[in-house]
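J.: Below, each chain spelled out in residue letters.
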Amino acid sequence: MREAFSSALVRLALSDPKVLLLTGDHGYSLFDEFRKRCPNQYINAGIAEQNMVSMAAGLARVGFRPFVYGLAAFIPIRTIEQIKLDIAHDDLPVVLLGDGAGFVYSHLGTSHQSTEDIACTRAIPQMQVLSPADRFEMTAAMEYAYATRGPVYLRMGKADLGDVHAGPISCLQQGRLLKVRDGRADRPGLIATGSMARAAVDLAASWDLMVWSTPFLKPLDEDDVLAAAQATNGLVTLEEHSVLGGLGAAVAEITSERQPTRVIRIGVPDRFSEHCGSYSYLLREHGLDIDTVRKRIGAYCQTLPSGSML
Amino acid sequence: MTPFDPARMRRTVLEMAYAGSTVHIACAFSIIELLTVLYRDHLRYPGNDPRAEGRDYLVLSKGHGVMAQYACMHELGWLDDFHIQNYCKDGTDLKGLSDSRVAGLEVTSGSLGHGFSVGVGIALGLKRKGTDQKVYAIVGDGEINEGPIWEGALVAAHHRLENLMLIVDKNGFQAMGTTDDVLVLGDLQAKFSSFGFETLEVDGHDEIAIDQAVRQLWSVGSNKPKALIARTVKGKGVSFMESINLWHYTRLNPQSFAEAMSELGFPGASQ
Chain A
1 MREAFSSALV RLALSDPKVL LLTGDHGYSL FDEFRKRCPN QYINAGIAEQ NMVSMAAGLA
61 RVGFRPFVYG LAAFIPIRTI EQIKLDIAHD DLPVVLLGDG AGFVYSHLGT SHQSTEDIAC
121 TRAIPQMQVL SPADRFEMTA AMEYAYATRG PVYLRMGKAD LGDVHAGPIS CLQQGRLLKV
181 RDGRADRPGL IATGSMARAA VDLAASWDLM VWSTPFLKPL DEDDVLAAAQ ATNGLVTLEE
241 HSVLGGLGAA VAEITSERQP TRVIRIGVPD RFSEHCGSYS YLLREHGLDI DTVRKRIGAY
301 CQTLPSGSML
Chain B
1 MTPFDPARMR RTVLEMAYAG STVHIACAFS IIELLTVLYR DHLRYPGNDP RAEGRDYLVL
61 SKGHGVMAQY ACMHELGWLD DFHIQNYCKD GTDLKGLSDS RVAGLEVTSG SLGHGFSVGV
121 GIALGLKRKG TDQKVYAIVG DGEINEGPIW EGALVAAHHR LENLMLIVDK NGFQAMGTTD
181 DVLVLGDLQA KFSSFGFETL EVDGHDEIAI DQAVRQLWSV GSNKPKALIA RTVKGKGVSF
241 MESINLWHYT RLNPQSFAEA MSELGFPGAS Q
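Going down the list, the sequences are from chains A and B.
Using the working numbering, the letters of the first sequence map in sequence onto residues 1 to 310.
Using the working numbering, the letters of the second sequence map in sequence onto residues 1 to 271.
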């Protein structure tokens, strides 16, 4: 997935000399290829993220296409006001790349964990928010972010969980869900984003559930969400992000207004990580590991008129 | 009257502030002469178009002084009397702080420490494009409490942005008191010199001196960014506003409006 990111960035930069990569002194080996092939389009702006984001706005104002890279804990979180005022307010074509979102930097603690970035960016007008699930979505998301010519936050989470899709996605359509698995209509449907999409596919197989991956958090196609609600018996959303303001919230906002549906939000509870540990340890701590998620879906299914599936 | 006459520009500011019952009059008055000289003698707007691609950029990072910039835009014919007379009225375009959606204003400011960094990005972009366009960024001395100013200063020097001029409106005041009382700035010229800028200090109300200082900074052969430290008086031009920090916040009433207008040489003003 990281390779898909790097090669998409190199490809875009080679095809358009206005593409610039700005990094806040992060991405040590990630940008080897970019630095080798597009050295003049690479700017290390130093450990100075606030200036970097405003500077990207200035570069976009005079015709450049900045891609601004940092860890999600810093881009967008540290720079949320610069994104709001200097970029989004003027609808500037700047792509913000937040790497290591969720619990990727597990051992480093709260400073490097990022579970509030979707909520913060979603609330900013004119921002589009994407969270690709695998290398195919990543490639398509980078192409989309470049082509859309407006402010985009592209969230990059755990990147080595394997493919969700069988092959390349030709082109992302704004806001649309991607159906990755068909299943039974009398059981809940799963809508997942980013790193949780792979887990959703794994969970769905044993129960024959429908699964959608959504590379978009904003906009989110309302008709697609309603269609998913109508095609299934309740929705379960999965994300490596706070249950407040992320995918689960976005889905519930849509269904509660137009098609009241049970929505089980599986995400990070409203609290910081308590202990140090590995990525999989932190998933367990927050109830995002596959066993806990399976139990929660099972508990929901017990409430369905058709009875237990277990 | 000559365009960009400072007294007339201050009158425009007063008229706007009175019409809109707005604050920040003193913040605008300290930069009247700086803006006068820049707009009259330095800034290039091909076709008098505020959005001309080949323009020089004036970034008002201290958005609190925006009424002074509106006054200049009025002089240039970019704003008409309607804008002045209906300032801050419901449904109008000109806000109490700088907003980049208004042609002629380059950044959205008021939250401080943004505009200069945007200006650094514009200057870097113009340099990469190889144009001779210039970027001026006006910051307040209070504003430079903000960290991104110093991040931007490092980056401007590192990338040798010789097309960028930072202008500090050193009026000695910020919202809650003098800059010395709130957060001592020390020797600003020395600070920016040490960051790798060509620097000069000037009387920010002496038009001839400002013009000479700007020319002198541009004429230096080095590829350093420039910093002009302008000593100014907050509220300059109206005796009862000068260096009285209450005029950061005070609104005009009929009496203070008439007195201020009278001091500027426009007696008998009332609305």
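I should point out that these hints are in silico values taken from the structure, not numbers from a laboratory.
Errors might be hidden in some of the hints.
Taking lysine-lysine pairs in the PhoX-like style, the calculated list, with each CA pair at most 20 angstroms apart, reads [claimed, not checked]: (1) Lys36(A) / Lys18(A); (2) Lys18(A) / Lys127(B); (3) Lys129(B) / Lys18(A); (4) Lys218(A) / Lys179(A).
All figures in this text were calculated on a predicted structure; none of them were measured in a lab.
J.: Taking the hints in turn, state whether each one holds.
T.: Here is how each hint holds up against the structure:
1. Lys36(A) / Lys18(A): Cα-Cα ~17 angstroms, so holds.
2. Lys18(A) / Lys127(B): Holds, because 13 angstroms separates the two Cα atoms, which is no more than 20 angstroms.
3. Lys129(B) / Lys18(A): 10 angstroms, holds
4. Lys218(A) / Lys179(A): 17 angstroms, holds
When each numbered hint is compared with the structure, no violation occurs for any of them.
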